[in-house]
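As a plain string of letters, each chain reads:
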Amino acid sequence: MSTGSGTTFSHLHVASAYSTHYGVTLPEALAEQTAAQGANFLAVTDRDGLYGAVKHVRACVAAGIRPGLGAELAVHDEQYRPLGRVVVLAHGHSAGRGYAALCRAVSAAHSTDRDALQHGAAGHGTAQHGGAQHSAAHGATAGPSISRARLADLAGLASLTVLLGPDSDVGLAIGRRDNSDAAARLAHWQRALPAQAVVLEIVCHLAESGTVGSVTPATRMLALAENAGLPAVLSNAVRYGTPDEAVTADLADAARFLLPLAELETPQTNGQAWLKPAGAMRQVARMVVDAGLHDNGALERLLGDTEQLADRCSLDPVSDIGLGRPRMPEARIIGVTGDPVTELWRRATSGIADLYSASGSRAVEAAHAQLAHEMKTVEHLGFASYFLTVSRVADIIRGMGIRIQARGSGVGSVLNYALRTSSVEPIANGLLWERFLSPERQTLPDIDIDVESARRHDIYREVFRAFGSDRVSLMSMTNAYRGRGAVRDAGLALGLPDAQINVIAKQMWRFNARDFRRALEEKPELEALATEVRESQQLDLLVDLTAKLDRLPRHISVHPCGVILSDASLLDRTPVQASGMGLPMSQYDKHDMDPMGLIKLDILGVRMQSAMAHAVEEHHRLTGESIDLDRVPLDDAKTFELIRSTRTLGIFQIESPGQMELVGKLQPEVFNDLTVEISLFRPGPMKNNMPLKYLQARHGEVAPDYIHPRFEPILRETNGVVIFHEQVMRLFDELTGCGLGKADVFRRHLGKPEQLPEIEEYLRERALARGFSVAVIDQVWTVLAGFGSFGFAKAHGAAFALPTYQSAWLKTHHPAAFLAGLLTHDPGMWPKDLIVAEARVLGVPVLPLDVQSSALDYRVEDLANGSQGIRLALPELVGSTEGERARIAQHQPFGSLQDFRDRVHPRRRTFEALARVGALDTFIGYDRTRRHELLAHIQSLRGTAVVIRADQLAFEVELPVPRYSGLRESGGRTGAITSLELRGRTQTDLELLDLNLAVGSHQMKRFHALFKELGVTPASELGNLPGGTEVLLAGVRRATNTPPMRGGRRVVFISLDDGTGPVANVVFFHDAQERVGGQVFQTNYMLVRGRTRRSGARGVSVTGENLWNLFDVARQVKERHAVERAAAEEAASAAAYAAELAAHPVIRTPAHRTSGGGTLHQLTAAQSA
Amino acid sequence: MPHIIDAPVDVELSADGDPRAFIWNRFEHTVIGQPQAVFKRTRWWENEGTPTRIDTELWRLDASRGGEEQHRYDLRRGTDGSWTLALDWG
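Residue numbers (our numbering), protein chains in the order written: chain A, 579 to 1747; chain B, 21 to 110.
One chain only, chain B, in its complex shape (with noise of 0.2 Å):
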């Protein structure tokens, strides 16, 4: 079962664009592997005020902390640019 964390995370960068690592709780998970991105459209018309965005960027990878064990990750990106960490796959 997914754990729902929502937390706002600082993502470093691959020169290719993709997430390198992330610092959440103060320690840094490296990403293992190639992480996928998913966009995934929006109903923005039931909401209130016009979209920027009609899709919301989420990345899936898998991480470490230090040496430990990888867990699969849901990352997602603002509009902004600022990340949340939506999901903990386990």
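Same shape as in the complex, but just chain A (with noise of 0.2 Å):
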């Protein structure tokens, strides 16, 4: 295909940018830079990995040039002894073959155990390459490496081609000037890995002789290998695209070796590792020849088998590599015997037959239509194990007794639904098939799973377990750089001290780093530093260098969610190393998995499906009756009222203050609202004010305006306003008749500007013919246009809705099990002491922390008077170990002080804190009264506790904590000893301190009295006043939000607990913030003036015209009084004195001002003094 021409030269040894910390230049960039300068094949082979190998597939097919694929890895011998660096490269038209043994060399490079390779490492200290040196000099731990005779195995049949180039063990006897030791480890290679898989690679970067990258050690090598009689191979180890980018490289060395660049003992030698074209190349090859002793046809030669290696190792992206092939688990594995098809009909029919049949029969006939449509699909596109896959999973889960729900388009699928991986009915919602999967759409279907939050990772293990290790492996993500990590890496390659480049990288957010200059020369706020910048040539350098680091690939992690489902084939097609939980991870990320044929099923921990179902077993442990969350009716009155009411703290999706708001107004009343709710509150629908046209036609304010009584039957539910993609693509099909598959596909590219004028003649022309008048198709192509790619899918939205409706429930029915669930896994926004102080206005009292009840978690206990209570959580002590609260919650209940003190063996602050909060009030009969003398007793405590082991029992002897007040009433001189820890503070203050929240009563309860005469209104009365009431609000400050409003002006939401209720939101505009300065994010504890604003039924917010401290407020109010105090005792001596003169009329009294009303006019003018 290629020659040794000159013309052409394929480079074989390419670092991408997906080797980080290493190569600079993204896969894209290089492939068209390769096909740009007239090449046809192009290599990645990334360090220690395939990390950039898809993109760099994919890249190649779109600049029409062969990919070939490698990777760079480290090898080491039977004894662990380091053998350098080399390159292995795959075989390309083998059936995969190649690809499949370069995964499985990458994959072993990364199980190889690294104790041993440290060990061995150590053992070989003498003759390593620079790297090696510096990375044991700097303590780093073995990276990967593969065992030369696993490679050998690898290598066989044809599969492999290894490079030894200059990093490589012979390559580095090279550099030492050690011929013979060069060629004896050669001949070493040679002996361990079949014949005419050792190459030489000759690299050559002209740097100055005596260096590394000279022309003398690569005229060398090219000696060896005639010597040898093996091929040799020229590269230019290629770390960047262009020599401009040499400069990024530095930075990334700096960055591997966290060293300034002024330090580093092996910088790259110079800047010529880049994608030199064919000319330079040769150029380079020719001052190699040149500059040794060889024959004359080395040049050709050496070009000549560079070509003839390319051709070996170009890929083939569908038979090699099995591009855009999907592959399912074998059936065998998802339970199936016979055809996936005949199966999944089956599965779904009867689960048709079982869900729907409650619903009569036309619900029933209208689910297996439906059903009939999917499957056509289904078939057609071969998907079916695919959902039996899915639905296997589901199984799983489902079978480990943990809760699960399907979210994402696949929840309008009356398939997922019959098989039970989806709980929201698609039919009744008007979902559509077509939104999750068409023959029109060309990926993968995605299908994501919400599970237990708290169970995640056990569900991990058992995927793994059910379906094979070599079918399964986490998905990876790719971390790029940001602002704050490229100008971190950037000042550390400079040398700036660490404390200045803090205080620069605190200022980098709300700007791309790439934009560093123009953010410093347009934003107000970063004045101070570009006036720094154009003082200081190395601070103008560091913008400029954060700049180049900005989005480069920085490191990989495992992705939250993604796991992998594939054959047994999957560790031929994706290399993986482990995850930080131990479980292998790809080294493909999300955007690969579609084109590598992956099957990606993203489960997603949610720490709301943790909360409800500990609720559900709180229930269950209490009461023996089981619940069935996904069973209960979605029209309970009682669940619709609380939601009506606003009183949604900890409900999922609707508790934000925002949210509060919008249900107010919208008020829902049946499931579909609660749909509409969740998808109007997105920032594309807020931007354009669509709740605001929504509720204005719900509640009648206008005409719905369905523009064509056509389009009535789709925008009924949303009172016209185009709400859903569902709705868009409905109104696609109506217009043009296009069938749902293609609407999708104009919905989805109603987001490109360019595509619009294409989609709008198309539309236009239909419609005519439709029987649409241009009016009509005038203002509906407005609607269109405009709604680009905003709104939501209303399958999300439903999705979400369901949980929304069930924590609701809960809420509503159960709310003390509701609130142990919120309080043990914390799923919400708000702060815990918010959920405890709801607890205590719904009359659920939180029970304080004791150590003979308490739990690893939050318990629903039964009280005396029948009612429920929550038992605080051992966790929750602050500073408390994990083994100690295991130990409380293994041994209690305890006999005595001593018993307690034996088993647990407490550290003297844990048993000083868990005294202070009353955990330990059993001890002392629950007498609060005498908690002063138990923790004086537990400080003067001296001797080592007595260790019991677990099993023993407890010496049933009762050490009473002395009645130090009974000895001191008695006259006993010793007696006297208190703590005076106690001392001036509050309970509140002690539960704050030691738990971060306030049990016994409310924060803000100590204020009330303050409140009162102030004459602030509870947050608990808002609701009945009318709009623009002047009112004084105070509390504690739970939640800020600045959300994004239209016109672009910042509005803080600030949302405020004074313990009589809900919060109360107070909104501050731009000329209240003006007013209020910093107080509006910094001060916690605040009075605030303001004027209701009524929004809709039940909706009430504050419009805060001012703000206070409310300590100072506290602290003014308490001189006032001091101050009025004495006036009242001069004026009462005054009467009296008056009295007296009344005798003598002639002397008058002075006139003073009485106190009493007017509260709101004396504190505004103690404040503006």
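Since the hints were made in silico from the structure, they are not lab data.
Since the structure is predicted, the reported quantities are computational estimates derived from the model, not experimental observations.
Please note: incorrect hints may appear among the correct ones.
[What the hints assert, rightly or not] The calculated label-pair distances, taken between Cβ atoms and stated as ranges, are:
#1 B:99 with A:1110: 25 to 35 Å
#2 A:1087 with B:41: 52 to 62 Å
#3 A:874 with B:41: 18 to 28 Å
#4 B:23 with A:1169: 54 to 64 Å
#5 B:23 with A:1106: 45 to 55 Å
#6 B:24 with A:1110: 31 to 41 Å
#7 B:23 with A:874: 34 to 44 Å
#8 B:102 with A:1122: 22 to 32 Å
#9 B:25 with A:874: 29 to 39 Å
[What the hints assert, rightly or not] Which residues of chain B face chain A? A partial, calculated answer using Cβ under 8 Å:
#10 54
#11 57
#12 60
#13 64
#14 73
Built from N, CA and C at the ideal position, the CB exists for glycine as well.
Take the two lone chains, each set in its own frame, and fit them into one complex as the hints suggest.
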């Protein structure tokens, strides 16, 4: 195909930017450059892996060149002694054999025992190259490395070529001018590896003579190949596309070694490791050949052998890599013996019979009809196994007793519902199959599964076990440089002091690092930094370097939810390495899944699912009753009543202040209203003012505008406002008759402005033909074009609405269990202290920590009065260790303080904290007044605790806490020890200190008298006030939000909690923010003056006008009281004096002000003073 | 001892991209033999501004003016492609 004629050169050794902290050019740029330079082959050989492989192959296909793949790997011998780094290249046109061997080689390198490697390297410290010395010198652990024996196995059947270049043990020997050692090492390689698998790699960066990369070692390497009768190829060990990117590679080196550039022992020798065109590479070849004694044909042979190897390593994207060919797990793995399609039909029809029969025969018929429609596509696309696989995973999870909820467009499928993968019924909810899958949709379908967050890792392990670890892998994700990381690493490279970098890094947000310089010019808040940059050469450089690093891949980590499922060929198609949690993780990320035909399931941990599961469990524990949340009727009146009251704190998706307000305005009555509510509360619809339009139509303020009677069935559910993707699809279909699958393609293209004219032309032509008037078309097109990529798939909305409803149902009917779940799993946005406050308001007392009954999670307890309370969980004790908590849970109940100490052996700090918060009150007969004695007693304990084995019975010897006060009364001299720690502190203070929670009473309670005096409106009363009422509000800040607003001016929402009920939401607009200043973000305990603003039937918020620090106010009031008391005393004596004077009317009493009334004015007077 | 020249020169390149001749002081100097390119890295972070290259391109070659005795020279190519006669090694 190609020749060594010199018109083209094939690069065989190229690191892409996915060789993190090494390569700096993205694969797409490398492929484009290769094509532009007239070459037709490019191999990417990333360090330690195939991180950029899929992107590279796709880029090559796009650029019209042949892809090659390899990896630069460290190799060790049988004694784990390092043999340097080599390039392993896969052979092409081998039906994937070469690529599979490469994947396995990379995985093998990552599975090598690191300790053994470390040991081997330490025992062989004499003769390794710079990089190894460097990392050893800096205590780095050994990286991935493959044994030569394993590599030899994999290279069998002519699958791989191993390039021994300057970083191999052979090349390093050449570098030391030890030619005989080099020859011996080469002979070793030749004996170990199959014939023809070993090729020498000549690299010359035209460096100064005597340094790495000069012509001398290159020409010696060439001579070694000639002597050994081995082929040699020329490479440029490329790290970047163009010479100007060499600077970035310098930065990458500094980041890799964590050293400033000036201190690097082995910086790159020069800036010649770029993707040189054929002419430049030929020039290099000539200089290498000319520098030594080689025969006449040496130059052409070197270039010719290079091209020959490139031919051998050209991979066919389809037959070698399997690009675009989906691979599902084998039928038997998913429990299917016969034809998957038949099996799918069988399961789906029986599922329909089970799930729809209660809804009547019409519903059953409709479901069967829809199933037939969906199955047609499934069969056409050959995805039957996919659906069975996902449903198998769902079954596994459900079988573990774990809550599961499908999310995403897959919820629109009757098939998924019938298979019980999803629990939202799609037909009645108006969801569309075509939003999920259609013959027009070329990508693999995507079903997301939400599970209990606390069980996610258990699920992963079980899926690995059930499918076999050769078919399952976790997915990785590539983390790229962003502003702060980029400025830190650039600063490190320049050797700037940490403190200085930190100050700059803190300012790197809300703009892209690549726009750093422009941001400095434009952003007023960066003015100080801009001045510094103008004055400092180094900072000026920093700005440019930061921009260079931005967006480069930085490291990979395990994806938070992606699990890859495939057949037994998985490890032939993706290299894996260990993830943080120990399970193997693919080196490919989510962008690589679809091209590689890898099925990815998103199994996402959702805390609310854990919280709800906990609630159900607690209910079962106490009553023996089992609640099946998925079977709870979706029309419970009390549940909707609770939602409409806006007391939605703790309810999934609708607990934020903004959602509370929208819920208040919208007043949901049926399940679909929740779907609408959740879909409206998204950035796109919010920015487009869709909530307001919808609310006006919903509440009859404007008539719904359906544009045309034929659109009414589509738009009726949202009163004429287009909210859902599904509606856009139906509109397209109605207008053009294009079918829903094609309509979804149009919908997705609406977000691309360049596609709009084409869509518009098609739509106008077809709509006219289908009887729509130009006026109607104009109007509907404006709506559709304006919709853009905004809006929400109704399937998502409905999938979110289900846990919303379920959590609301639990809060309505089982508040104690639900709150215990919330407090245990902390799923929401609010601090736990507020959940505790909410529990108090709901009449569910939160019981204090007690070593006799507190568990590792929150437990519901039946109280003597017939109600339920929630027992605080042990993990809340600040500073306690996991071991201490486990021992408490294991050994409770305790017979005595002595028993507690002996079995738990708490650290002094934990012991005292437990006493302070009353967790040890059991040992003083729950007599709180004696707590200081208990604490003093604990503080006086000196000896070590008796260690009692876990299984040993306790000594039942009661050692009561001495009654010091009693002793004192009886005149004992030493009895007067009391703890100073409790003096002057309230119980609430102590709880906040040791638990971060105010359990006994609300932390605002101490201010309630003050509030009454000032005339503060309790948050619980706010709903009864008309709009425009001037009010004072007070409380502790629970949340601050600065949501995006139409018009772009920042609005600050503060949620205040005064302990009387739900939070009061105060909004500060721009003018008020100016008046209040930084306090709007800084003050946590505040008094606010503002006006009520009614929004809809139940929604009330307050527009803040002014804000004061509550402690300042309290102090001022206290001072005023003192003054008034003095004045009153003075007045009293004056009155007496006056009475006395009555007899002598010549003298007048001085006028003085009276207190009472008008507190607000006095307050403001005090504030302005 | 090398002689520092540091004068801009015009350089004629061969088809392979190697210098074939350069014109210095109006006289053409013809390159004899294979010139050798060397790229020397810089400590760019110590200088002002962000570099487009981290190395300097030098060509060491033998050349003679007319039929005169050949000298060894270092030619330096700037990032803009301009050439400087850096050293005359004699």
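Between residue 99 (chain B) and residue 1110 (chain A), does the beta-carbon spacing fit 25 to 35 Å? With Cβ atoms ~29 Å apart, the hint holds.
Less than 8 Å between beta-carbons is the criterion; does residue 54 (chain B) satisfy it with respect to chain A? 5 Å, holds
Have a go at the residue 60 (chain B) hint: is there a Cβ in chain A nearer than 8 Å to its own Cβ? It holds, given that the least Cβ distance between residue 60 (chain B) and chain A is near 6 Å, below 8 Å.
Take a look at whether the Cβ-Cβ distance between residue 23 (chain B) and residue 874 (chain A) falls inside 34 to 44 Å. 37 Å, holds
Given residue 73 (chain B) was flagged as interface, is its beta-carbon under 8 Å from a beta-carbon of chain A? 6 Å, holds
CB-CB spacing for residue 1122 (chain A) and residue 102 (chain B) relative to the 22 to 32 Å hint: Given range 22 to 32 Å: holds, Cβ gap about 24 Å.
Status of the given 45 to 55 Å range, CB of residue 1106 (chain A) versus CB of residue 23 (chain B): 51 Å, holds
With respect to the beta-carbon atoms only, verify the hint that residue 24 (chain B) and residue 1110 (chain A) lie 31 to 41 Å apart. Given range 31 to 41 Å: holds, Cβ gap about 39 Å.
How does the Cβ-Cβ distance of residue 23 (chain B) and residue 1169 (chain A) compare with 54 to 64 Å: does it lie in that range? 59 Å, holds
Beta-carbon spacing of residue 25 (chain B) to residue 874 (chain A) - inside the hinted bounds 29 to 39 Å or not: 37 Å, holds
Per the hint of 18 to 28 Å, is the separation of the Cβ atoms of residue 874 (chain A) and residue 41 (chain B) within bounds? 26 Å, holds
For the hint on residue 64 (chain B), does the least C-beta distance to chain A fall short of 8 Å? 7 Å, holds
When held up to the earlier numbered hints, the structure conflicts with none and fits them all.
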